[in-house]
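Enquirer: Each protein sequence line maps, in turn, to chains X and L.
Position 80 of the first sequence, counted from 1, bears residue number 80 in our numbering, the numbering being contiguous throughout.
Position 285 of the second sequence, counted from 1, bears residue number 1285 in our numbering, the numbering being contiguous throughout.
In case anyone wonders, no lab produced these hints; they're calculated from the structure.
A portion of the hints provided could be inaccurate.
Stated by the list, open to error - Residues of chain X clear of chain L, computed beta-carbon distances all greater than 12 Å:
no. : residue
1   : Thr-54
2   : Gln-65
3   : Ile-86
4   : Ser-90
5   : Gln-107
6   : Ile-113
7   : Asn-116
8   : Asp-129
9   : Glu-156
10  : Thr-213
11  : Ile-218
12  : Tyr-236
13  : Thr-238
14  : Glu-267
15  : Gln-268
To be verified - Here are the simulated DSS-like pairs of lysine-lysine, each with C-alpha atoms no more than 25 Å apart in a straight line:
no. : chain 1 : residue 1 : chain 2 : residue 2
16  : L       : Lys-1134  : X       : Lys-247
17  : X       : Lys-252   : L       : Lys-1150
18  : X       : Lys-252   : L       : Lys-1152
19  : X       : Lys-252   : L       : Lys-1196
20  : L       : Lys-1163  : L       : Lys-1210
21  : L       : Lys-1196  : X       : Lys-253
22  : L       : Lys-1134  : X       : Lys-60
To be verified - Far from chain L by the CB rule (all over 12 Å, computed), these chain X residues:
no. : residue
23  : Ser-24
24  : Asp-52
25  : Ile-94
26  : Asp-105
27  : Asn-159
28  : Pro-173
29  : Asn-180
30  : Asn-182
31  : Leu-195
32  : Pro-197
33  : Thr-200
34  : Leu-219
35  : Ile-233
36  : Gln-234
37  : Thr-265
38  : Leu-272
We put the beta carbon where it would ideally sit given N, CA and C, even for glycine.
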Amino acid sequence: MEATVNKANQTICVDRILVSLDSSRHSFAALQAAIQLAHHFDATIHGVFVEDITLLDLAKMPFRQEVGEYSAIVREFSSEDMSRGILVQSRWVIKTFKKLINQTDLQGDFTVITGNVNEVIANETENYDLLVMGKSGTNTMQKGRLGSTTRAIIREQINPILIVEEGNHLGFPTIVLFENTNQGMISLGTCKSLLDPDDTMIIVILDDDPASTQSKKILLSEWASENQINISIQSYSTRTLSRFIQKIRGLKKGLFVLPYLQNITSEQMVNLFLERISLPILLIKTPTKCE
Amino acid sequence: MSRIPELSSEELYRKCDPQQLGFETTAEIEEEVNIVGQERAFSAISLSMNISHPGYNIFVLGPTGMGKREIVQNFFEERAATDTTPPDWIYVHNFKTPDEPEAIELPPGKGSEYVKDIDGLIEEMQTALSAAFKSEEYQNRRQGIIETFKEKQSELFNDLQEKANQKGLAMIKTPSGIAFAPRDDEGVLSPDEVNKLSEEERDQIAQNIKGLQEVLQKILQQVPVWQREAKQEIKEINIEMANFAIGGLINELIEKYNYHNDIVEHIKQIQDQVVENADGFLPSDEQEPTHFIEVISRQQNGGIALMEKFKVNLIIDNSERKGAPVIFENNPTYPNLIGRVEHYAQMGMLRTDYRMIKPGAMHSANGGYLIMDARKLLTQPYAWEGLKRALQSKEIEIESIGQALSLISTVSLKPEPVPLNLKIALVGDRLLYYLLVQYDPEFSELFKVEADFETEIEWDETNQELYAKMIATVIKNTKTRPFKNSAVARLIEQSARQTSDSERLNTHLQDLSDLIIESDYWANKNGHEAVIDLDVQKAIDTKIQRADRLREKFQKSILRDINLISTEGEVIGQINGLSVYSLGAFMFGKPTRITAQISLGKGQVLDIEREVETGGPIHSKGVLILAGFLKGRYAQEVPLSLSASMVFEQSYGGVDGDSASSTELFALLSAIAEVPIKQNIAVTGSVNQHGEIQAIGGVNQKVEGFYDICKQRGLTGNQGVLIPKSNIIHLMLRRDVVKSVKEDKFHIYPVDHIDEGIEILTGIKSGEKQTDGSYPDNSFNAIVNERLEYMARKLSEFGKASGSNSE
């Protein structure tokens, strides 16, 4: 245990950030968060817009009809209509991206790729250290907060992913879920690196064993003392987890760093957080770490 | 010459006896006298101030530098101190018609208090509203409504999604709507896969899609209804919260101002606006604006912009004032007078609102008194028209010149006019007053009282005493050293000299003040603790010296015989006339040679000056009078058979006035009689057709002009000037002239009639007309008569000889 906590000075290594953009408000919030992190890590930003092949295929089908989102009118559409619509979206996204990047001294570029959204993002993410994306896309009809594309990408990607919901920003409080794994240690170290010197890091322990919880608290306190950071430890059991969720669900500013293990329990827990809270969530999966 | 009546030195200058003044130095005089001899003007000002009816404004007229403005201001200030203090005025935003700000009258001092109260209210409302809208109660209620809306929306979409799944269809968001497409477990079918389906399968899919589309349509039509309902619910909560947050603050203020309906109404309007626009006070999670358009848009909307509209523009604050205001507007431009609406630049645009309304002098003086310089007012474009419009309508309407003339049509503010209750005094010269009376028919209606300031007062014992006190007051005001009684006497004498009248004193305070300051300077230079008469004399002399460059040039020209003037000997048809030059306030006299030539003719007297158009109409009139005199006196029996020409020799700049008409007559008579005129005597005076010599102006300067030439050539003892007797009272001659007369070196001859003058100038008795119509033998008139008869005979003979009609 002691040896593992010592690894908590490792952080994720972020030199290149990929931000997946569509015309939704979630994706605009993601871009703003990506810019903040790029400043922090001194990283470059790459924007990507995917011209969804599914939509283009749709126009080739015999049932090429859509219902206007606001007018509720049923109308046919052609391939040209669909291409034009996607082009308008991509232009708006590129303009927004350039406008925000030009207000900073960051380096950034932008790509438009045609293909299946999941596949394109999966392929592109391999070349980047961090993927930033909105919690859901332009589709307003989905139940819950997590979009299907985002859900699929989270499941499939191995690099760190920052998920941002519309109207939310990075900032204080910085919260991290403590887990005694490599991902957990890197999550703790990353959280420390993102913390402002005067702020307090909130460390959440989720453990049903009181003795184990106490032991973790002592170790974390020693770690905090050695690293001269302010921490606040909050411990919950599986039974009381909902209290924690209730406490932070209204927050619109901050960061929740979450280690993500490739197992069903972890996946369920991550999904629960993604569904129930609004804060930006940084998922740390494969430990691509910097010493 | 000794038999000829001439003036004694005492008659040439009226001395002021210092001993009569009753003090040694002006330091002893305590009583302050600011003005003397202006009873008429005082009475007029007093009348105007006591009549409150419209139009009883005052025009104070008189030359500049008399202290008219100070006097009228003193009158006003004395009265204003006991007048009621006028009300404060504020402008507030008009929420119904925003481009017509409302003017509200408040008791004096309450305006600034209301401004503070409203500023405090705004601050407290912001805090209260912010707290109310950030409260958990509000946030939870609001979030509850939003969540309910979203839940309802989501529920329908989930049901639809479920139905779609059951029918093997995917719901896909397109750029502008929602579409359905067949799917399997792997995802949406490709077009190729769809084409491979049987026609029945495709028909079934199409039918399913149609059914789902209908359901979707209903959902999408329902969403805006729910959205509106949710918004309305939120708005009701906002109103409830806003009312609760500010209700207490508003009621407190209404209670305080319950005596004033307009103010209570304004406060209620503020409350209504806050409640109606409660959304604007919600906490904003917007990012920093990145474009100036966003900056402007945010400034124009939201709670902060609304709060700005509640502020009060206090244009007149009489909180510190005791009594009524007395305002002197030194720069009466149209906007300075009527007020203006200023603009501020924002992102390259000019903007304005009711807070940019600035008062004019009429607002500041409203309820009191306003003094302006008439000339300045009339020379400012449209200021006079603006003033008249306000006086006629009895209200001050702020309007730019552009608006008033309909030159611009852009939307601007039209502030509610403020009722006008004002007494105005315009200060100006007489010419302006009479021009206004003549050419502006509205002037007399609006300025019914004229306060005409005397420029001169009589020099009697009473006025002399007052004048001395006035001098002492000026000395005190100008903070100069005390004047000895001799210096004051000298100032009084100089005052009479300035009026060119030994019986009048000058009331022009500026001249007096200047002379006092300059005398003080010389006293200081001469080391005198108190100013003495020599210091005053020095100041007078140096003032003349500064101005007499041209006089000196003329005199040198005469002394060098470039300008021909004889001061001794006798010449037929030639005489020394005297003319006066005015250079601003400085006047000086200069002798001019006048000559006459005669020949046989038909009785015309030719004025060469008029022929070449260098003579003015009055001069021409004088010459025609000569002809009238000749005809009246000498041509009753015999036709006037001469032709005469008269000229001012070496005059190139034009001649006007009739003060040389007697001089010309003497030259003409000399030419006719062939009797020489003494060149040691200069002549001035106008003449009428009966030969009576009449008073002229500038007698002192004329006498001194000839004296200076004689003196510089050397006084012979028989030189002098012939002046009209009626000018004796105007004599205030220089001391050196008086001294020469006293020493019998120079002479001043007063004459009433041309006959008296001819005797002095020729040494021959003129001769009175006898009962038979003839003149005594060897008298001057007899010689003239003989010469004229001779000329008539010669002309008659010449006419007969040439066969022409000599009639």
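Enquirer: Hints first: check each against the structure and report whether it holds.
Expert: Taking the hints in turn, this is what the structure says about them:
no.	hint	verdict
1	Thr-54	5 Å, violated
2	Gln-65	7 Å, violated
3	Ile-86	6 Å, violated
4	Ser-90	10 Å, violated
5	Gln-107	20 Å, holds
6	Ile-113	17 Å, holds
7	Asn-116	9 Å, violated
8	Asp-129	26 Å, holds
9	Glu-156	14 Å, holds
10	Thr-213	31 Å, holds
11	Ile-218	36 Å, holds
12	Tyr-236	23 Å, holds
13	Thr-238	26 Å, holds
14	Glu-267	20 Å, holds
15	Gln-268	21 Å, holds
16	Lys-1134(L) to Lys-247(X)	17 Å, holds
17	Lys-252(X) to Lys-1150(L)	18 Å, holds
18	Lys-252(X) to Lys-1152(L)	23 Å, holds
19	Lys-252(X) to Lys-1196(L)	49 Å, violated
20	Lys-1163(L) to Lys-1210(L)	12 Å, holds
21	Lys-1196(L) to Lys-253(X)	51 Å, violated
22	Lys-1134(L) to Lys-60(X)	51 Å, violated
23	Ser-24	10 Å, violated
24	Asp-52	9 Å, violated
25	Ile-94	15 Å, holds
26	Asp-105	16 Å, holds
27	Asn-159	24 Å, holds
28	Pro-173	17 Å, holds
29	Asn-180	37 Å, holds
30	Asn-182	34 Å, holds
31	Leu-195	23 Å, holds
32	Pro-197	24 Å, holds
33	Thr-200	23 Å, holds
34	Leu-219	37 Å, holds
35	Ile-233	26 Å, holds
36	Gln-234	21 Å, holds
37	Thr-265	26 Å, holds
38	Leu-272	18 Å, holds
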